[in-house]
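K.L.:
So the chains spell out like this:
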Amino acid sequence: MSLLSVENLHVTFSTPRGPVHAVDGVSFGVGAGEVLGIVGESGSGKSVTLRAIPKLLHANATVSGTVRWRGEDLHAMDDARLRAVRGGQVAVVFQEPMSALNPVLPIGVQIDEVLTAHTQFDAAARRKRGIELLGLVGIASAATRLGQFPHEFSGGMRQRAMIAIALAAAPALLLADEPTTALDVTIQDQILKLLLRLVGELGMALVLVTHDLGVVAETCDRVAVMYAGRLCETGTVHDVFLRPHHAYTHALLRSMPGEGAARSMLVPIPGQPPRIDAPVPGCAFAPRCTFTEARCATTRPALVAMADGHESACYAAARLGSEIAA
Amino acid sequence: MSLLSVRGISKRFPARRGMVDMLRGRPKLAVHAVEQVSLEVFRGETLGIVGESGCGKSTLARCLVRLHEPDAGAIDFDGADVLGLAGPERRAFNRRVQMVFQDPYSSLNPRMTVGATLGEALMVHNVVPKAEIPRRVRELLDLVHLMENAAERYPHEFSGGQRQRIGIARALAVEPSLIIADEPVSALDVSVQAAIVNLFMELQDRLGLTLVFITHDLRLVKHMTHRVAVMYLGRIVEVGPTAEIFAAPRHPYTQALIRAVPQVKPGRRSGEAAVMGELPSPLNPPPGCAFHPRCPVATAACRETVPGLEARGGAWDVACLLAG
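Those protein sequence lines, which keep their order, are chains D and P.
Okay, so the first sequence: first residue is 2 according to my numbering, each after it adds one.
Okay, so the second sequence: first residue is 43 according to my numbering, each after it adds one.
None of these hints come from the bench; they were simulated from the model.
Positions of the beta carbon are idealized from the N, C-alpha and C atoms, including for glycine.
Just so you know, not all the hints are guaranteed correct.
[Claimed, not checked] Partner residues are not named here, just some residues of chain P that face chain D (Cβ under 8 Å, in silico):
hint, residue
1, Leu299
2, Ala302
3, Pro304
4, Gln305
5, Gly309
6, Ala316
Could you build all of it, start to finish, from the sequences and the hints given here?
P.N.:
Pasting the structure below:
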C-alpha cells in the first residue's frame with residue numbers, strides 16, 4: 002500500500018479576476034522509501050500540488066479530492082490530529098530558506114520547537130538531538146551553530162538547517178518544494194546527495210518538486226510530469242526519460258541542450274501554456290503539440306496505464322514509442 | 043584576431059561599515075568582485091563566462107561596457123583604449139558594444155511601446171534618418187521573429203520569451219559588433235529558453251556578431267559557446283576551447299563544476315558530492331589559490347601562491363599550480 006496517495010486532486014484559487022484552476026485532477030501515490038519527482042515549467046501547478054498535500058495553501062484556495070496518509074484521509078482529520086501528522090510524520094522543505102526560517106530565533110530554538118511538539122524528549126535530550134541533527138545534515142561545529150541565527154548561515158547552510166528542522170521528528174515522508182533552485186550548482190549537488198543519503202539511511206520517502214529535468218534524472222525513482230495543472234505522465238525515471246509516452250514530455254526533453262552537436266539548433270516548444278483562468282477543453286498541450294489529432298482539442302485524454310506503472314494522458318502515446326537520445 | 047582585449051582589470055566595491063566598526067577604527071573592507079582579469083574576445087566567436095553566484099561574472103560584464111569603471115587594468119576594443127574614451131568617441135563605443143540583460147521585465151520601459159523603445163535607440167545614435175525609423179523598426183522585429191504589429195504594443199502585453207526578443211532587438215538596433223548578454227535566458231522556462239538560444243546563434247551567423255554569453259548554466263555553455271572562461275571568486279581559473287575543456291577540464295574547480303551539473307540521463311546516480319564546502323567570502327578571500335580550502339588536491343604551496351593564468355604545458359590557460 003502507498004504511504005501517501007493523492008486521488009483526483011483539484012485546487013482552485015478564487016481571485017478578484019475569477020477562479021484560477023491551478024491543479025486539475027491530479028492522482029499519484031508514493032511508497033515508503035521512494036523518491037518521486039514532480040516536474041513541470043512555471044505555472045504547471047507542481048508546487049501547489051505539493052502544498053495542497055499537508056493543507057498549506059492560502060485561504061482563497063478550494064481543494065477537492067482525496068489525500069490519504071497511511072490510508073487515513075488527511076484532509077478530513079481534525080486540527081489536533083493534522084498537527085501531529087504535519088511536521089511529525091510529514092515534513093516540508095521550502096525553496097527559500099531565508100523566508101521559511103524565522104529570522105529572530107536561533108536555529109537551535111527552531112529545531113527545539115519541532116522536538117517539543119512531536120517528541121517526549123526532555124530539554125537535555127532535545128539539545129543532544131539538535132546537535133545530532135545538524136551533524137546529520139553536514140553542519141560542522143554543531144553545538145555553536147545551534148545558537149546562531151539564520152542570517153549567520155550561508156545559503157547552502159540555511160537549506161541544510163531547514164532540512165535538519167524537517168527531519169527533527171523523524172518523518173516518514175519529506176515534501177521538498179524546489180529545495181535547490183536558489184542554490185549554486187555545486188551546493189545543489191551537495192544538498193541533493195544529502196537528501197538521497199538521508200532517504201537511504203532513514204528509510205524516508207521523498208517528494209521532490211523541481212523544474213530541472215537533470216535533477217529528476219539524477220535523484221528520483223519515479224517522476225510525474227505536470228502541464229497546466231494536469232498530470233501528463235508518470236512512471237519510472239528510466240521509462241519516462243528514455244521512452245516518453247506524452248507529447249509534452251517528449252517535446253520538453255527535446256528542447257534541452259543535450260548530447261546534440263555543438264551549436265546545432267535546439268528544438269523549442271512553440272507558443273505559450275494555456276491560461277488557466279478558464280477551463281481548458283481537450284488536452285491542455287494540444288495548441289502547441291506537433292502530434293495533435295482532431296479529438297485532442299475537444300476531448301481530454303485520460304491517464305491510461307501503458308506498461309508497469311507507466312501511465313500517460315496522451316492520444317499519441319503509442320506513436321511516441323521511439324527511444325529518444327537524451 | 044581579438045576584438046576586445048582585457049588586461050588585468052580589477053573592481054572592488056567598498057563594503058558598508060557599521061558605526062561600531064568606524065568608532066573602533068576597524069579597517070575598511072572591500073568586496074573583491076573582479077581581480078586581475080585578463081581576457082581576449084575574438085571576432086565572430088561566442089565566449090562563455092561561467093561561474094557560480096558571486097564569482098564576479100556580471101561585474102566583469104559591466105566593466106566591459108563601462109557600466110562599472112574598473113579600478114585598475116586596461117580594456118582595448120578594436121585597437122582603442124576603452125577606459126580613456128570620452129565624448130563622441132565614448133558614444134561611438136557605446137553603439138558598437140551592446141548589452142542584453144537577464145530580466146526582460148525590468149529592462150524595458152513599461153510606458154513606452156516597443157516601437158518607441160526601438161525608435162529611441164535608433165534616434166539617439168542617428169543610425170538611420172528619422173523618416174526611415176518605422177521601416178527599420180519593422181526590420182528589427184522581423185529579425186527577432188516578432189510580428190510587425192508588436193511595434194504598437196507595450197511590454198506587459200508580451201510573454202517572457204517575447205520580451206527577451208524585444209531586448210535583443212533593442213541591442214541590435216544600433217548595429218553593434220559585440221553583444222554582451224548577462225544571463226539572458228535564466229528567467230525563462232526551458233522550452234522557451236531553447237528558442238532564444240537559437241535566436242542568438244542564428245543572429246550571430248547572419249550578422250557576424252561577436253557574443254559574450256554570461257551564464258551559470260553549463261549545459262548552455264557547452265552547447266553554444268566556442269570558448270569558455272571559468273570564474274571563481276573574482277578570477278578566471280581556466281579559459282579555452284569549450285569542447286576540449288568539457289572533455290578534459292584542467293582546473294580542479296572546473297572539474298567539480300562540470301561533475302556537479304545534473305545530467306538529463308537517468309541512472310547516473312552517485313552518492314559523492316562533486317566538491318565539498320562553499321564559496322569563501324569575497325570580503326576576505328583566502329590567501330594563495332582562492333579554491334584551495336575546497337580543493338581535494340591542494341598542497342602547501344597552494345595556500346601561499348596565487349597561481350597565474352598560464353598555459354602550464356597545455357593547450358589552454360589554467361590558473362592552477364598543479365596543472366601540467
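K.L.:
None of the hints should be skipped; say for each whether it holds.
P.N.:
For each hint, the structure was consulted:
1. Leu299: Since chain D brings a Cβ to about 6 Å from P/Leu299, closer than 8 Å, the hint holds.
2. Ala302: 4 Å, holds
3. Pro304: 3 Å, holds
4. Gln305: Because about 6 Å separates P/Gln305 from the closest Cβ in chain D, which is inside the 8 Å limit, the hint holds.
5. Gly309: Since the shortest Cβ distance to chain D is 6 Å, the answer is holds.
6. Ala316: 5 Å, holds
Comparing the model with each numbered hint stated earlier shows that all of them hold.
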